[in-house]
Every structure is written in C-alpha cells, then in structure tokens.
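Asks: Here is what each chain is made of, one letter per residue.
Protein chains: 2
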Amino acid sequence: MKDFVYYAPTEVVFGEQSEDKVAGLVKKYGGHKVLVHYGGGSVKKSGLLDKVCNLLKEEGVEAVLLGGVVPNPRLSLVHQGIELCRKEGVDFILAVGGGSVIDSSKAIAYGVPYEGDVWDVYLRKYNPETALPIGCVLTIPAAGSEMSDSSVITNEEGWVKLGYSNNVCRAKFAIMNPCRTYTLPAYQTAAGVTDIMMHTMERYFTQDDDMDLTTELAEALLRTMKESVFAVLKDPCNYRHRAQIMWGGSLAHNDLTGCGVTGDWATHQLGHELSGMFDATHGASLAAMWPSWARYVYKSNVSRFVRFAVNVMDVPNDFTDPEGTALKGIEAMERFYCRIGMPINIKGLIGREVTDEEIKEMTRKCSRDYTTAQGAFQTLEASDIEAIYRMAKG
Amino acid sequence: MKDFVYYAPTEVVFGEQSEDKVAGLVKKYGGHKVLVHYGGGSVKKSGLLDKVCNLLKEEGVEAVLLGGVVPNPRLSLVHQGIELCRKEGVDFILAVGGGSVIDSSKAIAYGVPYEGDVWDVYLRKYNPETALPIGCVLTIPAAGSEMSDSSVITNEEGWVKLGYSNNVCRAKFAIMNPCRTYTLPAYQTAAGVTDIMMHTMERYFTQDDDMDLTTELAEALLRTMKESVFAVLKDPCNYRHRAQIMWGGSLAHNDLTGCGVTGDWATHQLGHELSGMFDATHGASLAAMWPSWARYVYKSNVSRFVRFAVNVMDVPNDFTDPEGTALKGIEAMERFYCRIGMPINIKGLIGREVTDEEIKEMTRKCSRDYTTAQGAFQTLEASDIEAIYRMAKG
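First to last, the protein sequences are chains A and B.
The opening position of the first sequence corresponds to residue 873 in my numbering, with each subsequent residue numbered one higher.
The opening position of the second sequence corresponds to residue 873 in my numbering, with each subsequent residue numbered one higher.
Bear in mind the hints are in silico, worked out from the structure with no lab data behind them.
Note that this is a predicted model, so its numbers are computed, not measured.
Treat the hints with caution; some may be incorrect.
Stated by the list, open to error - Heads up, simulated DSSO-like pairs for lysine-lysine below, C-alpha to C-alpha not over 27 Å straight-line:
1) 893(B) - 997(B)
2) 874(B) - 899(B)
3) 874(A) - 923(A)
4) 900(B) - 900(A)
5) 874(A) - 923(B)
6) 900(A) - 1200(B)
7) 899(A) - 1033(A)
8) 900(A) - 929(A)
9) 874(A) - 997(B)
10) 874(B) - 1106(A)
11) 959(B) - 923(B)
12) 899(A) - 874(B)
13) 1265(B) - 1033(B)
14) 1232(B) - 899(A)
15) 900(A) - 1232(B)
16) 874(A) - 893(B)
17) 1200(B) - 1232(B)
18) 959(B) - 899(A)
19) 899(B) - 874(A)
20) 1237(A) - 1265(A)
21) 1200(B) - 893(A)
22) 1044(A) - 900(B)
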C-alpha cells in the first residue's frame, strides 16, 4: 500500500436551495469584490447568472463580470481576467459553470499575485505559493475541478494544452444544485459521466491491489454512476440520479478513490491527443480509447480486470477462465458506452477513418517526442501508444 | 434526498513515515509554541512521545507537555490545559493519542480564547467562533475525532457527559501511521472497529433510502472493516489491514457515509448511558445494544435491513421472506460481534444481570427525564427505550 496525503478542504453545499447561500459563502471566505467568471449563454438563459449577481448585490458584495470561457479554456481569456482583477481590485473569483470555467478561474487566481506571465505556472517555471481564493457554482458534473487541485489551460499560440496541480487553488466552496443540470444535452450528460467514471477507473486499474477499502469505494461509485446515467438519459429531470452524478463527479476526482494506490492515467493521455487533434469532447475521447487500452494491457494484472468485470459490470465469474471473464468485462463496458451514446473507437468519435499520419502525430505528442512513457498499470512506450491508437481505429 | 454540507478540511498524512512530518505540519498551520497533549503510558512506552518532541525541537518549535487524559476525558484536565496554554502562550495544540486525547484537545482549543468557563460550550450557553488550531498524531482508530467536528467531555461534578460539534475545532492535520496500532490489545481493537462500523451504521439505517451513492459507499466501508478486523485479530502486525481500519475510522465519521441522509444515532444514545453507568468501553456498549435496537425497529423499514443482510452480512436473499432475511442479517451481526469478542447484550458487557432500577435509571437519563425521544429510523419514546434495555438484558 502506498503512503498518501488526502486533502479535500472544499466546503460542499449541496441541494436545491444551495445557490441562495452564495453571498454568505463568498463573504465567509474573505471576498469583498468578486470576479464572476462564466462561459456562454446557458447560465444567462437559465437565469443563474442574474440570480447569483443579485444575491451578491443584496449582500453588498461588488461584482465584476467576465464571460466567454470555452471548452479547453484559453490562455488569452485568462490574461484578460488577470488584468481585469488587478484593475478592479478583485479579491475573490467566483466560477459559475463547469470544469472549463473553474479551470480558467484557477489560472486567473494564480496569475493575479504573480508578476510574470501565468503561463510560467503551466510550464512549471514558477510554483505559486499563493493564489486568489476561488469558489464555484457548479453546473456541469464531469471534470471534478470543483474539489480537485488541478486545472488545464490551452495556449492558442501553438495550441499547447497543459495541466497543473497545486493545493493553493482548491476551491473554498462548491455550490451544487442538481436541478441546474436538468437541461444538459444527452451527449454532454453521457460524456460527463464517462469522464467521472474514468477519473476513478484511472485510479482503480493499479498494480497496488492491496487497498481493499479504496477499491471497494471505487466500485461503489462506478456502479452508482452506471445506474444513474441510464436514469437521467431516460428522465433528464430526475433529481435523485442527477444528484448522485453531481456528487459522484466530485468524489471521483477529489482523490478519495485513489488513497493508497498508484493511478494509471494512460487513457487520459491517449484521449487528450485525440480531443486536441479533432476538437472532440473530452469524455467521448476517453470512451473511444479505453476499450483498446484495456485489451492491450489487461494481461498485466488479469485479476484486477476480473474484479472489475464481476463487481462493476455484473459479469458472471467464470472461475475456470479468468482471462475470458476479464475480456467479458471489457465487452460489457463497450456495450455500456454504446447504450449511453458514447463511441468505442476513433471512427465512432470523429466519423471517419483516422489516417496513418494522424496516428503518428498523436503518438509523437502523447510520447512527448518519443521521450516519455505513459501509464503505471502497464508502462507504455511510443510503440505501445501507436499500437493502441491502431487498435482503436475502428 | 436531504440537502447536505460536506466539509472535511483536515489534511490527512498517512503512512509509515508520516510522523516525520509533524514539525513541518505544525509550522504550516501556524504553530510556534505547542501544547503536546496525551494520555497515559503507551505513547511514552512506544517512544512516540519522545520522537514527536524531538522532531519539534529540531525544527525550533517549542513544546509544553500535558498528559493524563483518560477515556471519557475529564473537564478538570481541560481546565488545567487552558490555564497552561494561557500561561505559556501556546498557539497550537497537538493531540498525540486516540479520540479521548483529541476530544480533550478540542475542549482546550475552545477554552483558551474564551473568557468564561469552557463548560458553557458543552452546555450550549456559548457558541465559539474561534478556537486554537489543533493537529493530531493518531494512535487508536475508533472515535473518528481526527476528522470530525465533535468532542465529548465528562464533567466530574455530577458525572455529566456532554458532546458538542463545531467546524472551528476540526483538526488542521491528522498524522496516521498504522504501525502505531500494532500493540493495541485485541479487545480495544475489536471495540474500535465496532465503534467505526457503528458510526456508519447510524447513518446507514435511515428512512432516506434514495441516496444509493452514499449507501453503496457505506456498505463498501462496512464490508472492508468486517474483513480487516478478523485479519488483525489473527495477525496484529498486519500493515494492510491495520491501515484499512485506521483510514476507515476517519471516513466512517467525517460525514462521507451520511451525505444526503438523516442518521439515527439511537444506539449511540442507548450505549452512552450503559458505558456511563458501568464505565464500560464505548464500542462494546454499542455492540451490547445494537441487536436489541435492530430487532425492535426493523419493521419500520424492512427493505433497509434486507439490504444490510445481503450486501454487508452476506446473507442469501430469501425473496419470499424479506422479514426472515432481515432477521438473519441481525443474527449474522451478532455472530460477527461474538467472533471478535464483543458482547451482544448487557449481561455480556457487565458480567451480571442488570437490575430493574438500573434499567429505569438509564431510561430516565436516555430520555432526558422523559422529555426527549431518540432516533430517526424509528422515534423512540421513553417506553420504547425501556423496552429495548429489557430486550438487551441477556
């Protein structure tokens, strides 16, 4: 069992009336003048943005607005946000939206007190010891950024996408009202749940298989997400299951399901290149890669895949044929992806055959110019990465 | 599903070398002069106290020592601690021990900045908005105080035992080294696991049975504790299972297994009077009461007890006889208690028949002089409480 640090200080305020507490929470965590950061039209259309701004105003908290965050949040908007915060004397950032808005807020929070370019943080040239405090009003369960220490930013110059993790940017609070997720389109709901499950599966597929408590918690979370996504795809306004997905999204990525084990994260790396090259939804890219990754690596620890098949995917255990049971678990996961409208290969994701050149380019990027192996469940060199992309062609 | 707030800010540092980080953590959370608070001989005998003091000294952190905490920690020692902290200008309290030491530390932490008597806090006459910061080096997994917001103190004048909960006293950090629990006697180990499981069972037995995620997480935790306690009773130096019990103890009581549901807590109330009257170990008192509580209330929600029987206690589900399955789950729990050396009734706990007068006295106390009902799974009036004590005579 690996030593671990578990640190999840975010105050989660969960429920139908949770938004009403936004101004009190901002003040509790030291905010007097707030940057309200958001994405596109949905938080305007739903009235959430107006509601939040009115609540802040009523409680005497000044607000400055900055919208326009897009998926794969851009460095240029982060720069704008930093300038705005400095000009206006902002002392708190309130993210109203999903993972992209929260990640963009984290980058702004690093940048305000730093004299250099905040991109230095993502280039690991500068390690911040301080950041503006941030809080969130979550509207999309998927990325888990509301309780995680990480953020991913895309620099439009060269389209470089880099992630960075640091405890100083963990949200002070996260307001979660499941009703705000009723209007998410089916595809985005399914891609979100795929991302949530993958955050835990990346930790679950490990060679450190002596931490039963963490493993059992992970399985509990995966089983629940699997059932809840069917319920909300059938009935988008099902509070019970929207709530479970929303809370599951935070628990899947706040490290609870990784305590004492080494995570793998190869599927995320493989998927990142795919979504980067084809501008595909993050969760869908993970679904497109996972079955091929799984078939390529399962022999490294068959018993783990058997456990997954039986305890998560409800595959009957054929005790005489562990490999067969393991493969049936992977097939069951493919069927699950198909049923929720996710792709199970690259063709399903992008709608055409991926070319040899594209595979080579993704392999080069994923292996950082053939210098870096990926994964921990099984170490993947560039040749392995290329083989998995080929298996995933479809 | 109930709205909820989840707040677990304690930084958990877990592993064999975790103690080495104690001085750095104290400094990180603002400590310059520390009260090192502990119980009896075991932390001295094991060398842990010396190790901690040396590490603090090496890093230039001044330490003042106060030992002598006993189970059911006393108000008089809390008063001593408050005086000592004021006299010495202590700005951080480090609890080295189990739940009693941590609870005593929390009381001192409330008392130092308060001008009145700290007992006011437990009498709910004063609600602290501030407290000295505390940290812990945990040696006994059971109470979960290292991540919880609660503490229980006994006032020797009249032997009144009162609990109080407040987020301001949550520990800043908790150092957990499973090796420190190798020397715990079998009885204390078993009583600790009983307490851990009961913290989650109090939340699990609820009428809010629409929060599958929380329920599944609770079952995962209960199953793991059940297996791990057998392993460590057989092999006290089994790191893997000692670690799971230690981490399980924190997760069982940091509210994770209660998100979205209303807990019951009647067994704790029934057990408190028992341990108060007969000076019995807290965990053992819970085991003595739970089977009778369960048989008295299970009809209020049979399906919940069936679920417990099947998913936690491995009882085969007789679909034609839910009540029968529920009762088999209670019997299986009794067998589990017997196998780990815990009592299943009052006679087993105190070694003789409890008298009618004693039952009446406990009923009076548990119902706060016949004014207060207990429980939420099923509301228990004084007559119910008395009936359960009678069922539990043995």
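Asks: Each of the hints needs a verdict: does it hold here or not?
Replies: Outcome of the hint check:
no., hint, verdict
1, 893(B) - 997(B), "38 Å, violated"
2, 874(B) - 899(B), "39 Å, violated"
3, 874(A) - 923(A), "45 Å, violated"
4, 900(B) - 900(A), "22 Å, holds"
5, 874(A) - 923(B), "23 Å, holds"
6, 900(A) - 1200(B), "49 Å, violated"
7, 899(A) - 1033(A), "34 Å, violated"
8, 900(A) - 929(A), "16 Å, holds"
9, 874(A) - 997(B), "45 Å, violated"
10, 874(B) - 1106(A), "23 Å, holds"
11, 959(B) - 923(B), "25 Å, holds"
12, 899(A) - 874(B), "25 Å, holds"
13, 1265(B) - 1033(B), "23 Å, holds"
14, 1232(B) - 899(A), "50 Å, violated"
15, 900(A) - 1232(B), "47 Å, violated"
16, 874(A) - 893(B), "16 Å, holds"
17, 1200(B) - 1232(B), "30 Å, violated"
18, 959(B) - 899(A), "34 Å, violated"
19, 899(B) - 874(A), "25 Å, holds"
20, 1237(A) - 1265(A), "17 Å, holds"
21, 1200(B) - 893(A), "45 Å, violated"
22, 1044(A) - 900(B), "18 Å, holds"
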